[in-house]
Structure formats: structure tokens, C-alpha cells
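**Student:** Listed below are the residues making up each chain.
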Amino acid sequence: MLISTTKRIPKWILIGSILCSSLFVLNQCSLNNSPKIDFNTQVKPILNKHCIHCHGGVKQSGGLSMMTREKLLTPTDDGKPAIIPGSPSSSEFIRRLTAEDEEERMPFEESSLAKKEIDILTQWVKEGAEWGLHWAYQPVEKVDIPTVTETALGVVDNDSKQVWGNNDIDRFIFKKLKENELTPSKMADKRAILRRVSLDLIGLPAPKEIANQFLTSNQSDAYEKLIDQLLALPAYGEKWASMWLDLARYADTKGFERDAGRDIYAYRDYVIKAFNQDLPYDQFITEQLAGDLLPNPTDAQYIATGFHRNTTTNDEGGTNNEEYRVAAVVDRVNTTGTAILGTTFACIQCHGHPYDPFEHAEYYQMMTFFNNTRDEDTHKDYPLLRMYRPTDSLKLIELTNWVKNVESEERANEIKHFLKTWQPTINSIDTDSLVNAALYDTKYLGFRQNGQAIIRNVTLTGKTKLIIKVLNVRKGGQFSIRINGFNGSEIAKYQFFKNKLDQPFLEIPLTKTVGKHDLYLQYKNPLQQNPNAMDFRMDWFYFTKDFPGENDDENASYQKQYWELMQTNPSTTLITLENPAERSRTTAVFDRGNWQTLKEEVAPMTPKVLNPFPENAPKSRLGLAQWITDKKNPLTARTMVNRLWEQLFGQGLVKTVEDLGTQGDAPTHPKLLDWLAYQYMNDFGWSTKRLLKEMVLSATYQQATNVSEELLLKDPYNELYSRGARVRLSAEQIRDQALAISGLLSPKMYGPPVMPHQPEGVWSTPYNNSSWQLSEGSDKYRRAIYTYMKRSAPYPIMETFDVATRDVCSARRIRTNTPLQALVTLNDEGYMEAAKHFAERIKAELAGDSKAQIQYGYALALGREIDERRLTVFEQLYQTSLVDFQKDADAAKNITEGLIIKEDLAETAAMIIVANAIMNLDEFMMK
Amino acid sequence: MSKKSHQLPEEAAKKHAQLNTRRLFLQQCGLGVASMAIGSVLGGCGGNTSVNSTNEIVKKITNNLPHFAPKAKSVIFLHMAGAPSQLELFDYKPALAKLHGQECPTSLIAGKKFAFIRGVPTMLGPQANFQQRGQSGAWVSDLLPHLAEVADEITFLKAIHTDQFNHAPAQLLMHTGGARLGRPSMGSWVTYGLGSENENLPGFMVLTSGGYNPDAGKQVWGSGFLPSVYQGVQCRTKGDPVLYLSDPKGMNRDIRKASIDAINQVNKLTHQEFQDPETLARIAQYEMAFRMQIAVPEVMNIKDEPDYIHKMYGTQIGQSSFANNVLLARKLVEKGVRFVQLFDWGWDTHGVSSDTALDIGLVDKCRATDQPVAALLKDLKQRGLLEETLVVWAGEFGRTPMQENRNGVGQSFMGRDHHTDAFTIWMAGGGIKKGYTHGATDELGYNAVSGAQSIFDVQATILNQLGFDHEKFTYQFQGRPFRLTDVEGEVIREVIS
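In order, the protein sequences belong to chains Y and R.
Each residue of the first sequence is one higher than the one before, starting from 172 at the first, in the numbering used here.
Each residue of the second sequence is one higher than the one before, starting from 15 at the first, in the numbering used here.
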């Protein structure tokens, strides 16, 4: 019995309570008889804790590294390997652990290892010092469901009818509970389950009809029906998108200094829709990483690439655009690691990973996939998708069809792509060698008298026109472009006859030229007397061909349409596009993470310790997505499954949802995690709804949350799932729930972010005139996911309730419980407004005495009947308040301001006080 | 509220303590119950030096923080956002005056990157008169006559360098140890480690002036990856002094009290039913919220300060000003607030307009800030608080000895560009030497010639004065231990008394 526990006792229990450490002592007695030492669960934790800090991927003191077996068996500075497999007595590694001399003994300058640890290491060397790959880097294999005997399942529920356990999840959970001499908790009350599953799946209380159907049904599949109905509601996507937007660091502003607004809400809407359509997770990932590289991408697939355009950009005067472009690329690598792979790549930006088997250069091999996108920290956040209004979309289709006819499909696609994205263009920040010219406001190239600038490496073959996006011009200005130097041959020229152009674009014919050239731009203006005046300023350059169909009758009208479409101002969203081949970048290793000190160049590749890069996959973001969504990838499914579990149960099966690596926590239920991951990829076909359904169907999920002294002692953190999860609601759930019960909630979905109540003076950003403008009408009552998210001044309520600031990828919100939260729900104007309308609703829907109304209101808010003691408390609060408001009519008038009710103001006011109190209850804030 | 109820946080903490191993506690400090008992409002993650039963319990189960006996109990960080010119205030360079108007030698600009200077700029002599002050003989210009009087209390660090030449990243580096967004601010670290000494006030409070928030936004007092309970709480001089502090319109104090009592009575029933320690924490937080509603307006009210104090600081009741903020800072540390951060916006003297001109805008900024800053040092001293309060005055970088020439064109006013290689900050109180100068720059004030110190060194020193070993004060995040000073920083031993 004891022998078998040595191997079976999982790591989590060894680091747990006193009870567990006594088990550990027992293990020691039986070490000699135990099966082989397991590297991953027994040896690696010791090495990680005590050795690898000095003998790892960063420091290799004495020439010894314990990162891999090969390294450990390499001769050290002493000239021989530290370990001789099979022979502890001749292994320096073992000798040093017990050396008398403190100078020699390891760990250096720290107390020596515990005897049990030394025993494990000695036995391990004796057994051949075999290595093992960390669990999370091993492929997900099919897992056998634990067999649980009928007697094991012999726990009865409240009605003494069923045995415990609804599905396979419960078998895993039950097995571990039994091992720990625990039984599951009873099933929660039907109403409690309804509230819990509704808040979890749609982030709101269930709609009335669905709720009633469930509560009144006696059928065995009533709960399953409820789940299916909830999963089908559009509110489901709005709930689950929040989780993803934390990872995607989605916000409505750019981040630094003036922190200007940015339109990328189309991406937020894409995420909501993707959840609602239950887009398979592999496709969801692929579209976000490489939607633009899919064949004939749809608008949605372009919009999806906004995922990695949510990086911050720096508009501040004088910033180095390349520095911030690189910072964004680095962020994309790190976010891909944390969000999708549950792995911390950030460490290997500067050096080899100190703990996990990733090498320094591998970071840059990964980075290569992301380093060739068009965005380069421009003020306008190019490239953008121009989302034409329906009428303009039709015009675009007409135009492209016509081009297809008069010229070719290729040309039609080129024109369509340009009109939809204004790409491929060269930004004015890419010019150099400026003389009498500058990047004005460090953004736009502007020329003064005798101005000069150079654009490098432009392929002119086949190009006959240059289109420039212009900001201002001056009468008399003469602009020219030459090749082979400022005195070389002129290939374009233009003269300005007015101070303003008819359209913000300039089209200049180009002399036919072959090959790749540096272009020499010059400007002068005989009419300009002031040498410091800036005459001519521009945004980007587009080298193209003549408009097609020269001889076609409709040429003129389509050309007009072309220019019109170019100039319309449709709403836009940030997207990812790849650089054209001629402007592609190379990627090199940064010396110690410094982007300005480059070492050897690298090619795109994924870390070799993980699954192989799929054969025939392109070495692009698309190939990377194929590698990530390959079923052989050990991390993708585990990471997502763990994250979804955390959302429902309050903690992950691996608590560190951001890191499944060796520094993360060990899984509490490794087999369950793998079983879920395998199901997700295979039987469930990456369907997130299907997976969530499985989880909430489990008896584990439906347990009551009551804690007892025994449970607190044996399972203090509910890591064994001996009871239901009692967890504080998220910021979004708190707001949405309040709006829902008050009847204020607007069902409107999608579109630009909105501004609900916010106290004056929260926004006070330098060089930025924008201000918080309370949204009109029902727009101020929309779900929290639509609230404007300003990075430098987040919506204070969300911040108080632990919403990530969305500056960088955030995999886990740390839940807190603070007096500032109490102040929000007690006093915030918006929350108070919900209380007012909640009180009004109670009074409108139930005529009667205050007691009955309080009963009704409590049931609306909590979904359960109020008990006598609570009722007494609230009735007393009502009566006390009523007396007060009857005495003070002004107060009653003030607190009911904005309501339709004009009679019995004191009664309404008193009910508002009760409503506000109910909406502040612990049970209301928790699920 | 019942007398008994104030024992609730203690009970919750005890319960928590019983259940926790040290490791889990450290990992989860800030989660759920832990955050309640020991968040910024009660005490730090590592316990508290004051005798407080809750924290005593906590202390037994955590690493003993601080790491060693602290010299300072609290910090007032005065950040002049925009970066004041050291060449007009502290770093006197007569040689620069001689070069005024001449083209900058190419040796100074070769290979250098500037925020706005393009091509070859001209040199710009000091635009203020300097004198040596007090016994220490520190150079302080005539723009700061009041500060000059207390020069003997101060250590000037004249060769500080940073690696960020734009405001937002440099401010982030100064306060979070990283130039990008996402890391916890210094005040968050400190309250995470030490908590507050006043259980009715947040441990980390922020005041802003100058018309705008700092360029780096609220992230400079954000909690980054630390639990949100450690973020700085902004005190406002208009509207609620702390957001959501006042009761809704129409609700009087009696009703509010009755309603919190009702909430907590029901919460106690809920606790009986579910036995969740988190519920106990919530009960305590509601009581604390009620107390904060009284304590915060009290401490934010400067009306009751005597006249001589108002004269000393140059404060005017009812106004929003830097002077008022400085007086509030004194009141806050007096009440036990651990970390007070002041940001005063508008020091970015490029010379693009009169308010950014060295001889106009800078003079105005000095006039508005000099008297209250000097008053703060005198006032703290007369109250015996200066020894335990570390006062730091700094911008995010310094300014060039060259005239800024934006877009390669001259400016209409005298102004300087951003300069990262050497600039002056100062510290006083909190165990820092009095009347001392550390470090020096070359004769143009361009490069350090001695005592060069990084931003990380400054952070390490501040933490040191509070009793932290900056290399050991870490938080596990994304697979590795993070610290304020990243992988750098050395305590500047020379400035410690």
C-alpha cells in the first residue's frame, strides 16, 4: 500500500499541508522498495528548486548545466562529468551534496538538501540518471477513464435517487476524492445551479422563460436542455469574449502618452461572433494568427488578424518607430506563448530559458514568423481594413468585375486589395537622408524650400503611376523624383498651382523604368520666401500601373468610381498584412534581448522540444498556425481546456494557466486534463461549446458550495473539488447582472465602444482633447464588454474589480476583495441607477406590502426564496429608511430622480435603499 | 456597527493562517481573503512593523518583510513630469555660457539619437543665475530661492542616467522598472511588501497637478501583475476625493449606516450558511469602506491647518494646486500612508511656445512649486517626521545643453531637448545624508564624470531605505521571479547617512 503511494501521490499533495508532509516521511521508509524513481515528479522539482539557478540555462557555474541529460553528462570545468550513471559513489554531483566542507557542499552557501531529497537523487543516479520530458511537452495521448466501482459511486443525492456522477469528468474527480477519504458534496439546489450556470455561460441571469422551463420541468434532461438553450443565446459570445480579450490585450486606445483612440472594435465583435458560431478553436486560432494568408480571405478573416494588432503603439513626439515596431513584434511572440501555448517565451528573449528546454535562438526563430508584417508604429496604425458601407461595397464589386473583364483577375484583385487596405504602400516614415525636410510631428514627411529625401529600394518595373496621400501643398511648389542621385535622371515631376488639392491624393505619371532603385525626392518653390515654412506634407506612396481598360467605354466612369472609393471614409479596423517580398525583413538574434545589437540571422522555426513543424507547411504565420493547431502540439489544447476549466471552477487544473512549463504548478488532475484535451481535439472537434457543456453537465460542477470544518481542513482550496466553486463574479458579470435585474440592460450588440456613467475628471491625458461623453439613451446600459477601454485611464469600476488593463496579454485575473469595491457598488451613479430601476421594477410588477415586495425583489436578484431572517433585516431597513424619507421629502425626491414613478416617493426611495443593499450582498457578488 | 465586528478581519486572517502553508500564502497573497486582511488598506503581504494582531499572525507565516530595519517608514515622491532642466536649476555650468550660440561640436552629437534635435544644433548657456547655498555649498539657482534655504537637508544626485528619451517610457522606467507597459509601480511594490500603517486609508495614494495626468498615464501607479488591491489610489481635488466615496444623492449618513449594517447582517447569515472565509472578508471591507468615507475627506481637508502652515506652503483653501497637493502629502504620511506620489505636469521645456520656454514657462513652474517643496521639508522636520519620511524629487530625464531645433529649424523660444545621459535628482530625509552632493558632470553638463547612477540604482536605494533588499523582493509571474529593479540596480551607499 505504502509502496504504491510513492509513485501515485501526486506532487500537489507533497507541497500541501502538514498532513501531507507526514505522508512524505512515510514514503521515505519505503524508498528502497519503491519502483523506479520518476524524473519528472521526483527529481526535476529538486533540481529546479535547488540547483538550476546556478547550473541552468543562464548561469552554468563550474561549467555544469542541468538543463538536459546531455549537458549534465558533459565534462565540467573539473574535466569529468558530474554524474556517472549507475554509480552514485563516483558521481561528483552526489559527493558534493553531502560534503563536509562548506566550501564544497552544494547548494552553495545554503543549507544542505534534506536527507530524503539526497536519497532520491542518489537512487536516481544509481538507476541510470534517466531523463524525462516535462509532462506538458509530451503529446496528449488517449487516456483511460478511471474505473470506479458501483460502491464507489454509491453516494446519493438530495432525493436519495441517483448515485453520484453524471459523466466521465466525475470519475476522475471521484477517484481522487476517494484517495483522500473525501466524499463529494451534495448537489446544489436547483435554483442555485440555475444561477450559477447562467452566470457562467451567458454572464447574466437566465431569461425568464428559459429559467421557468427548467425550474418547472421534472424531466431528466431538463438541465441539459437548459444548457443547450443558454449556449445558443447571443449573450454567450458576449460573456466568453471577455476572457479572450484579456489575452488579446484588446483596448480602444493606443497606449502611450496622448493615448489616442483606435478603432479596432470590429475585432472585439469578431471574437463575440466566433464564440457564438462556435468556430472550432483550431480555426479560431488560425484566423487570428494568419487570416490574411488564407486563400481569398473573407473580411472576417482579415478582421481576426486584429488579434496581434492590439499591441500598443507610441505616438509620442520623437519616438523611434522601429523601436516600438520591434517591441510590438516581441509582444506578439510573448502573447502567442502565454495565450495560446501556456508557455513563457519572455525569458528566452535575453538568454536560454533558465528552467524550460527552450534556447535563446529559438525565440528569434519564432519571432521571424511575426517580423514581416506591414505595421510599423505609424500614427494611423496602418494597415487597416476599410469596411465599406453596403452601397460602396456594391460599387467595389462592380468595379472589380469590370476590371476582371477588361484586364485580368489578378489586376482586379490588386485593385480590390488596394481600395480595401491602401496597401501595399510605403509610409513617409520610411524615407531617409532628409535635408530641408523633416518628419513633422515625427509622423509625416514635410518639405521646405530645397527639400530632399530618399526612398530606398523601390521596384519600378511595370510601374507607371505614383499615388501620394497628401496632407498639404503650396502654390508654386515643384516636386520631382530622380534615380541615381539627386542629379540623376528624372522619372517624375509635379507642380502645384493652388494651395489646396481637389482631393487628398496626388497621381503622378512615372517614366518607364526597369529594376529596383533608390528614389531621390526633391522640392522647391520659387514663390516661397520663408526658408522655414513647410510647404508640402504627405502620408504614403503607392507605386502602381495605369488604370485598366484604357479603350473601354466605361473606363472614365469606373476610374471615377475608383477615386471615389479611395477617398470615402468608411469605418476601419487594424489588420495584419505581410510585407511584399521586395520589402521583407530579415531577423537576427538580439544580443541579450537588445534590439540594437544583432547577432546571427535566423530562419523561421518552432522550438525543437515541441512537436515537429508540419511537413509541407509554409514557413509563415500560416504554417505557424498549422503547427499550433496540429493535434501533435502538446500545449494548445491543454492550455485552452485548462483556461475554460478555470473560468467555471475558479482555478485551473493547472493553477498557473499562463504557464504549463516547469515553473508553473503541477496539474492537480493530470489525467483529467489530458482526457479533456484529447476529447476537445478529437471527439469534440475543437468545439468549445461542446467542451463547456461537458464540464457543466458534470456532477462535480453542480455540487453545493457549502464548506464544513472538515472540508476546510482536508481540501482548503477546493483543489480536490470536494464542493462547488464559490467565486466572486467578474467586473463584467457584476455590471451586467445589475443591469439585467433592473431591466435597464440594452440588448444591442456590436459596434463602437460606449461610455456609461463615469465620474468627472478620470480622463486627463496630455495632448489629447477627447473626453468621456456619456452615451445617449440605452447605449449607456449596454453590457460591460462594450465599455470604452482606455489604456492610460481604464474605466475605474472595471479596474477596481480586477480587469486587466490590457497593456499586455493577461492570462489570469487575480481576484481581490477590497473596500474600494464596496464603495463602487454602494455609491457609483450607474450602479445606483440600476438599484433605482430595480426598485421601480419591483413595485411595478408586484402590488402589495413592502414585505412581499422585498421577497419578490430578493428572488429576482438571487434566484432563490428569501428566508425569514433575511426578510426581517431588509424589512427593518425599509421601515427605517421610510421614516427618514417621509421626514425629508427632498431626499426622497433626489434619490428617485430619473424614475417615472412620481407618487409615493418615500416608499420608492425606501425600496431603492433595500434594492441597493440586496445588490451589495455577498451572495449577489458571488456565484 | 457592532463593536464585535472589527474583530472579523482578525478572525478571517486567523482562519486563513490556519489553512495556509507559507508557500501557498506567498503565492496567493492578494487572492481572496489574503487580500482583504493584508491589502493596501490594512497591511502588506509581508506583514507590518506596527503592532497589529492581524499582521502579527500574517508575519509568522510569511517571509519576514522588511528584510532589515528600515530607515524610512514612508516615501513622498515628487515627480516633475516633463523633465525639468538640471542646467537651469542645479547643475551650474559656467563653461556652457561661454559657448552660448555656437554650433554644437560634432563630438557631442555623433551617433547620438535625440527626440527632436536634428542636424547640428547650437549650444545654449544657462538661463538662470546660480549661487552656492548653506554650509554644504550646493549650487541652487535663483529660480528656487526657497529650496536654496533648505539645501543643507538635501542630497543632490547629479549624474543620474536613464535609457529612455521619451516621456511615457521614461516615466514608466522610473516608476515601474520597465519602459513598456505592464509592470507594477514602486508604490505597489512597497504596499505589497509593507502595507499601510493606517487601516482606514489606502497605503499608496497619488495626487496630480499641472492640468494633466503624467504622460505615461495611470500605469505609473498601476499594480501591473500584482493584485489590483496594491494599485495607487488617486486623490482628487475636484469631485470625490477618492472615486465613489460620497453617498448617492439623497442618501444620508444614517441611512447609509443602516444599509451597511443590513448588508453585513445578511452577510453574516450567508457566512453561517456557506462558511466561506471570503464572506468574512467582505463584511470587514464594507465596514472599512464606511470608515474611509469619513477618514479620507478628513485627511483631504486642509481647512483646519493653521494660517502659518498655509503661508509656509502657499496653499489656498479650495484650490487645485501643486502646493495643496504637497500639504496633503504631508498630512497623508502623517496619518500613516506608506507611499505618496505627486505628479506635476508641464516641465517639458522645449521652447516651442512661451510656456515651454526656459525663461518664461520654467520660471512659472518653479514659482508654483519651489515654496511648497521647501515648506514640506521644513514642516516634516519640525514635526520630527523628516527622519522617517524619504522625499524624492525627480523628473524622468534631463535636458540637453543644446538648444532644441525641432525639424531642423530654429525655435522661437529658448528650450532644451530631452537628455538621458546625466541629470539631477534629489533626495532628503528617510536616512539620506544631509547637505551632500553625489556625482558630477563634465563642464557642459552632458556626461557624468563621477557618481553615475542609473534609475535602477535610485529604485534600489529607495527600497533599501524602506528595509528591502531589492534583489530579494520578488514576485513570481510568467514563470520567473520579477522585481522592481529587473536584473539591475545597486544601492547608492554613498548617499546614506
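Keep in mind that a hint or two might mislead.
Calculated pairs, PhoX-like style, for lysine-lysine (alpha carbon to alpha carbon, straight line, at most 25 angstroms) [as the list claims (entries may be wrong)]:
| hint | chain 1 | residue 1 | chain 2 | residue 2 |
| --- | --- | --- | --- | --- |
| 1 | Y | 220 | R | 282 |
| 2 | Y | 770 | R | 126 |
| 3 | R | 486 | Y | 215 |
| 4 | Y | 803 | Y | 313 |
| 5 | Y | 551 | R | 448 |
| 6 | R | 271 | Y | 1058 |
| 7 | Y | 770 | Y | 731 |
| 8 | Y | 951 | R | 263 |
| 9 | Y | 802 | Y | 770 |
| 10 | Y | 1073 | R | 395 |
| 11 | Y | 885 | R | 252 |
| 12 | R | 345 | R | 263 |
| 13 | Y | 1064 | R | 263 |
| 14 | R | 282 | Y | 361 |
| 15 | Y | 346 | Y | 379 |
| 16 | Y | 1058 | R | 448 |
| 17 | Y | 566 | Y | 614 |
| 18 | Y | 951 | R | 127 |
| 19 | Y | 346 | Y | 396 |
| 20 | Y | 770 | R | 263 |
| 21 | Y | 357 | R | 282 |
| 22 | R | 282 | Y | 1064 |
| 23 | R | 395 | R | 448 |
| 24 | Y | 1022 | R | 282 |
| 25 | Y | 207 | Y | 634 |
| 26 | Y | 444 | Y | 1073 |
| 27 | Y | 614 | R | 282 |
| 28 | Y | 614 | R | 127 |
| 29 | Y | 230 | R | 126 |
| 30 | Y | 1022 | R | 126 |
| 31 | R | 85 | R | 271 |
Far from chain Y, some chain R residues (derived; all Cβ distances over 10 angstroms) [unchecked claim]:
| hint | residue |
| --- | --- |
| 32 | 120 |
| 33 | 124 |
| 34 | 153 |
| 35 | 160 |
| 36 | 166 |
| 37 | 222 |
| 38 | 250 |
| 39 | 279 |
| 40 | 312 |
If you are wondering where the hints come from, they were derived from the structure by calculation, not from laboratory data.
Yeah, the Cβ is synthetic: ideal placement off N, Cα and C, and Gly gets one too.
**Student:** Confirm or reject each hint.
**Tutor:** To see whether the hints hold, each was checked on the structure:
Taking the CA atoms of residue 220 (chain Y) and residue 282 (chain R), the gap is near 42 angstroms; set against the 25 angstroms cutoff, the hint is violated. Annotation: proposed proximity of residue 770 (chain Y) to residue 126 (chain R) holds, straight-line Cα distance about 22 angstroms (limit 25 angstroms). The suggested pairing of residue 486 (chain R) with residue 215 (chain Y) holds, with an alpha-carbon distance near 24 angstroms, which does not exceed 25 angstroms. At roughly 12 angstroms between alpha-carbon atoms, residue 803 (chain Y) and residue 313 (chain Y) fall within 25 angstroms of each other, so this suggested pair holds.
As the CA atoms of residue 551 (chain Y) and residue 448 (chain R) are separated by approximately 51 angstroms, the hinted pair breaks the 25 angstroms bound. Taking the CA atoms of residue 271 (chain R) and residue 1058 (chain Y), the gap is about 18 angstroms. The hint holds against a cut of 25 angstroms. Distance check on the hinted pair: residue 770 (chain Y) and residue 731 (chain Y) sit about 51 angstroms apart at the alpha-carbon level, beyond 25 angstroms; violated. Annotation: proposed proximity of residue 951 (chain Y) to residue 263 (chain R) holds, straight-line Cα distance about 20 angstroms (limit 25 angstroms).
The straight-line distance between the Cα atoms of residue 802 (chain Y) and residue 770 (chain Y) is roughly 34 angstroms, outside the 25 angstroms bound, and the hint therefore fails. Under the criterion of a C-alpha separation no larger than 25 angstroms, the hint pairing residue 1073 (chain Y) with residue 395 (chain R) is inconsistent with the structure, at around 59 angstroms. For the suggested pair residue 885 (chain Y) and residue 252 (chain R), the alpha carbons sit about 51 angstroms apart, so the restraint of at most 25 angstroms is broken. Restraint check for residue 345 (chain R) and residue 263 (chain R): not satisfied, since their Cα atoms lie roughly 29 angstroms apart, outside the 25 angstroms limit.
For the hint pairing residue 1064 (chain Y) with residue 263 (chain R), the CA-to-CA distance comes to about 10 angstroms; that is within 25 angstroms, so the pair holds. Proposed proximity of residue 282 (chain R) and residue 361 (chain Y) is supported: the alpha carbons are some 23 angstroms apart, at most 25 angstroms. Taking the CA atoms of residue 346 (chain Y) and residue 379 (chain Y), the gap is about 38 angstroms. The hint is violated against a cut of 25 angstroms. Taken as a hint, the residue 1058 (chain Y) and residue 448 (chain R) pair is broken in the structure, with Cα atoms around 62 angstroms apart against an allowance of 25 angstroms.
Pair hint residue 566 (chain Y) plus residue 614 (chain Y) does not hold up; C-alpha atoms about 32 angstroms apart against a cutoff of 25 angstroms. For the proposed pair residue 951 (chain Y) and residue 127 (chain R), the alpha carbon gap of about 46 angstroms is over 25 angstroms, so the pair is violated. Between residue 346 (chain Y) and residue 396 (chain Y) the CA atoms are separated by roughly 28 angstroms; this puts the pair beyond 25 angstroms, and the hint is violated. Between the alpha carbons of residue 770 (chain Y) and residue 263 (chain R) the distance comes to roughly 64 angstroms, so the proposed pair goes past 25 angstroms and is violated.
This hinted pair checks out: residue 357 (chain Y) and residue 282 (chain R) have alpha carbons roughly 23 angstroms apart, not beyond 25 angstroms. Between the alpha carbons of residue 282 (chain R) and residue 1064 (chain Y) the distance comes to roughly 32 angstroms, so the proposed pair goes past 25 angstroms and is violated. Distance hint between residue 395 (chain R) and residue 448 (chain R) is fulfilled; the C-alpha atoms sit about 12 angstroms from each other, no more than 25 angstroms. Only pairs whose Cα atoms come within 25 angstroms are accepted, and residue 1022 (chain Y) paired with residue 282 (chain R) is accepted, the gap being roughly 21 angstroms.
For the proposed pair residue 207 (chain Y) and residue 634 (chain Y), the alpha carbon gap of about 71 angstroms is over 25 angstroms, so the pair is violated. With a C-alpha separation of about 42 angstroms, the suggested pairing of residue 444 (chain Y) with residue 1073 (chain Y) is violated against the 25 angstroms cut-off. Distance hint between residue 614 (chain Y) and residue 282 (chain R) is unfulfilled; the C-alpha atoms sit about 60 angstroms from each other, more than 25 angstroms. Using a Cα cut-off of 25 angstroms, the hinted pair residue 614 (chain Y) and residue 127 (chain R) holds, with the two alpha carbons roughly 17 angstroms apart.
Distance check on the hinted pair: residue 230 (chain Y) and residue 126 (chain R) sit about 33 angstroms apart at the alpha-carbon level, beyond 25 angstroms; violated. Only pairs whose Cα atoms come within 25 angstroms are accepted, and residue 1022 (chain Y) paired with residue 126 (chain R) is rejected, the gap being roughly 76 angstroms. Distance restraint check for residue 85 (chain R) and residue 271 (chain R): the Cα-Cα separation of roughly 40 angstroms exceeds the 25 angstroms cut-off, and the hinted pair is therefore not satisfied. For residue 120 (chain R), the non-interface assignment is confirmed: its Cβ lies about 17 angstroms from the closest Cβ of chain Y, beyond the 10 angstroms cut-off.
Separation of residue 124 (chain R) from chain Y is adequate, the least Cβ-Cβ distance of about 16 angstroms exceeding the 10 angstroms criterion. With a least beta-carbon separation of about 29 angstroms from chain Y, residue 153 (chain R) lies farther than 10 angstroms from that chain, consistent with its non-interface assignment. Consistency note on residue 160 (chain R): stated as away from chain Y, and its beta-carbon is indeed over 10 angstroms from all of that chain's, at 27 angstroms minimum. Listed as a non-interface residue, residue 166 (chain R) keeps its Cβ farther than 10 angstroms from every Cβ of chain Y; the least gap is roughly 36 angstroms.
Distance to chain Y contradicts residue 222 (chain R) as a non-interface residue, since its nearest Cβ pair spans about 7 angstroms, not more than 10 angstroms. For residue 250 (chain R), the requirement that its beta carbon stay farther than 10 angstroms from each beta carbon of chain Y is not met, with the minimum near 6 angstroms. A Cβ of chain Y approaches the Cβ of residue 279 (chain R) within 10 angstroms, the least distance being about 5 angstroms, so the stated non-interface status is violated. With a closest Cβ-Cβ approach of about 16 angstroms to chain Y, residue 312 (chain R) is found to remain outside the 10 angstroms limit, as its non-interface label requires.
Of the hints listed earlier, those the structure fails to meet are numbers 1, 5, 7, 9, 10, 11, 12, 15, 16, 17, 18, 19, 20, 22, 25, 26, 27, 29, 30, 31, 37, 38 and 39, in rising order.
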